[in-house]
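S.K.: These protein sequences, in sequence, are chains C and X.
Note that our numbering has the first sequence beginning at 1, numbered continuously upward.
Note that our numbering has the second sequence beginning at 1001, numbered continuously upward.
Simulated from the structure, these hints should not be mistaken for lab results.
From a predicted model like this one, the values you see are computed outputs, not experimental measurements.
Keep in mind that a hint or two might mislead.
A short, non-exhaustive set of chain C residues, derived as facing chain X with CB atoms under 8 Å [said to hold, decoys possible]: (1) ARG35; (2) PRO262; (3) TRP283.
Here a beta-carbon is modelled for each residue, glycine too, at the ideal position from N, C-alpha and C.
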Amino acid sequence: MALALAILTYFAYAFIIFMDARKAIKYAKMPVHLRWDLYPMVRNGDGSHDTAFRQGTQSDKNRGKRFIKSFLFILKDNFYLGEYFHKNRRYWCVLFPWHVGFLLILTFNGLCFLAAFSTFAGLSLPPEPSNLVGRSLYYAILVTGFGSFIIGSLGSIGMLTIRLASRELRAYASPINYFNYVFLLAVFSTGFYAGYSFDPTFSEYRGFWKGLVTLSPIDVHFAWAIHIILFALVKLYLPFTRSMHYVTRFFAFLWVYWDDRPNVKGSAIEKAVQGSMDHPVSWSAPHIPSGKRWSDLNSQPAIPGSGEVRR
Amino acid sequence: MSNEITLRDISRKSEQLIQVHPRDLLPLPPPYEETNPNPAKEFLAQTDGNRYEASLDGISAIGIPKPKTKAEEEQLIRTFLSGLRKLFSEENNWTFLQPLMLSLEYCGKCLTCSEACPVYIASGRQEIYRPSYRSELLRRIKERYIDNPGRITSWFKGNNVDLNWETIARLAELAYRCTLCRRCAQVCSRGIDNALITHEIRKLFSQEMGIAPKELHEKGTVQQLRVGSTTGMTPHAFKNIIAFIEEEVEEKAGKKIQIPIDKQGADILLIHNAGEYLSWPENPAAFAILFEAAGLNWTLSSESVGYDAVNYGLWYDDIQLARIAARHTQIARDLKVKKIVIGECGHAHKASITVADRILTGDSNIPRESCLPLLQRIVLEGNLEFDPGRNDFPVTLHDPCNMVRSMGIVQPQREILRKICPQFREMVPHGVDNYCCGGGSGFAIMSTGNFADWRSAVSGRMKVRQILEVFHDVLTPDTNKYVCAPCSNCKGQLRELFNYYDVWQKSRILYGGLVELIINAWVGLKEPFINWEWH
Chain C
1 MALALAILTY FAYAFIIFMD ARKAIKYAKM PVHLRWDLYP MVRNGDGSHD
51 TAFRQGTQSD KNRGKRFIKS FLFILKDNFY LGEYFHKNRR YWCVLFPWHV
101 GFLLILTFNG LCFLAAFSTF AGLSLPPEPS NLVGRSLYYA ILVTGFGSFI
151 IGSLGSIGML TIRLASRELR AYASPINYFN YVFLLAVFST GFYAGYSFDP
201 TFSEYRGFWK GLVTLSPIDV HFAWAIHIIL FALVKLYLPF TRSMHYVTRF
251 FAFLWVYWDD RPNVKGSAIE KAVQGSMDHP VSWSAPHIPS GKRWSDLNSQ
301 PAIPGSGEVR R
Chain X
1001 MSNEITLRDI SRKSEQLIQV HPRDLLPLPP PYEETNPNPA KEFLAQTDGN
1051 RYEASLDGIS AIGIPKPKTK AEEEQLIRTF LSGLRKLFSE ENNWTFLQPL
1101 MLSLEYCGKC LTCSEACPVY IASGRQEIYR PSYRSELLRR IKERYIDNPG
1151 RITSWFKGNN VDLNWETIAR LAELAYRCTL CRRCAQVCSR GIDNALITHE
1201 IRKLFSQEMG IAPKELHEKG TVQQLRVGST TGMTPHAFKN IIAFIEEEVE
1251 EKAGKKIQIP IDKQGADILL IHNAGEYLSW PENPAAFAIL FEAAGLNWTL
1301 SSESVGYDAV NYGLWYDDIQ LARIAARHTQ IARDLKVKKI VIGECGHAHK
1351 ASITVADRIL TGDSNIPRES CLPLLQRIVL EGNLEFDPGR NDFPVTLHDP
1401 CNMVRSMGIV QPQREILRKI CPQFREMVPH GVDNYCCGGG SGFAIMSTGN
1451 FADWRSAVSG RMKVRQILEV FHDVLTPDTN KYVCAPCSNC KGQLRELFNY
1501 YDVWQKSRIL YGGLVELIIN AWVGLKEPFI NWEWH
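Sequences and hints are given; from them, build the entire structure.
M.R.: Encoded structure:
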């Protein structure tokens, strides 16, 4: 049992990291698209925003700085969901705890990993004699652990409730949405049950992580085992859901909305565009002649009289 | 009840899915509260409902002929699926594949976008006009018929939309109930762009099935490439109009100017929306007066396509977009100008300056700029003298979506108005958060069936309300008021809206461009340039 849990946990983490990376690579390797800017790009402190068109030309010496600023903006918003807070407060009230629960459970496990790893450096956590760092880690694990289980459970129940209570939201929901809420609720609530009932200082759960780090898996209480299995299954399941938006969101904003790099001569963009223009086109409408490349079409006038329905 | 329509209903065999009732429409302030015409009523009497598809909401924007046989219907479904596959192929849709995938795959279905949509709100929150309704339809059709999962996965993901002729025809019409204003995209935390999905649905119909509104395709891009302009204006007619404008300027403004045409090596090739020459010749006239006064080295082109900045391909067809953009820059290269400046036309700005930027490579990618920062420099640098007292009447600014939300050009037009219009006032909301005029994405020029009624009653309603609200303290007809709309399509829509709601008679609100206000304030002209007459 101990070995199976350890293998499952390792595999689940490796899998989700691999799938996240694969997804990011997939989007990064997609062809350069036509510009589809959306403003405002990140607003300044005074509410104004930047545009390369302010002076007419598209040159913008601050593009690099703006990219970093934009990246940090999205990263920050991933944590507190400020866009939802401003635009859909009711939904934010349940979505935020749901997200916080998920972020805290990742932090909780990360801290347990850190605690396990720190033992190599001679660090010990209460109730053993410990220094400030050890005590801080101990309490951080307690807070993030119970915090994630409680807040995440409330968020899951909230999401389920708001979806069921609103006719509009219900109309767009699929069985998968309800399954997701219940699945996450199961993860959070089993964690709470295991911790509250059998391991209030998380010493056993930290022991599990120490076993993972030292490659000496240990047995845990059945309640913890259920939680560990469910949490691993979530990591195996997430890459197949729309929850991967935490990765794709960066592309949507940085690669599409806020990608205002002009196509200047000799640039990487121009080379990419030239490559795409060599693609053959096989659209079938009457005004698109067959057997042409995109670059050929630019010099082809539309076929007069075209426009009839293709049958 | 139309607000209880579900996604599955799109494939339901029925005469009409919903009816927009006057009582549902967004209320307008007095004295406009009784203006609630029924947009669908006339259509049913006028159009042969047996031949043309109108089963979505009784409105026909495209005039799609109904299939006559079962075999024809099946062929249409096959063609639709073929186009859908191409939308997700790198070869055929490299132009928008990444944005499309990002928008289609990660919607959280929180419906935050709905309240940002002026069409959805103004219609009384009709379910089918919700921004996510058509996106979710495409999403479910793609997942069920292209990704082809097993039955259980399909059920699990809610892929329950059937694909039949009704679905296809209604989806085609539904793609023309969104103005592509992108307010919905702006409020989406995940970066889902429902307008982009709508744009891609339009492309599928045009590029694979040859289905597009005739005003955009046959009389739009095809005519522009064949004749020279979507207006049907030939190079010869263009030269005659320029001569007429020169005479008008001399007669009415007392200024003798010669408008440069086809001048080799000029700094600027100015391209207007050709609709200006026919509907609002005072706009190109004002540009000419100002450019001459500022001593710019500029020219117009009389080459076919070179005198019409419009590029309707932006709204429905990437191939047509590329053809027109390439033609514009070819003309500029032949004239050996340093850059193209686009006149007061929002979609031409976006098409030429940003979207087409990644179609034009090598020497064909010559600089293309907005007229607004140039006008700002002329007005603010102090070489010309302006008297704001000449514009001492209430003025508000309508922001064209393509200039503000899609390009971020927000301040130049405001800085000009603050300098020359002492009673300038802002609508709420404005700038990048503005509301579309309701004529965006081609609506302003589309008039098939009773679509024009729908456009005025529904898609333009929010803008009418905004304009009435911004002038609430001077709404009576004893004060002249001016809506500055630096975009030809927006002006076309405002003309229709003001006619439909009788705004000129009831409130004496005039619409017009920005450069007209600049020239009206210029002390170099003895007589006022703005003519306070409805036309």
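S.K.: When the hints from earlier in the document are held up against this structure, which numbers fail?
M.R.: The structure conflicts with no hint, since it agrees with every one listed earlier.
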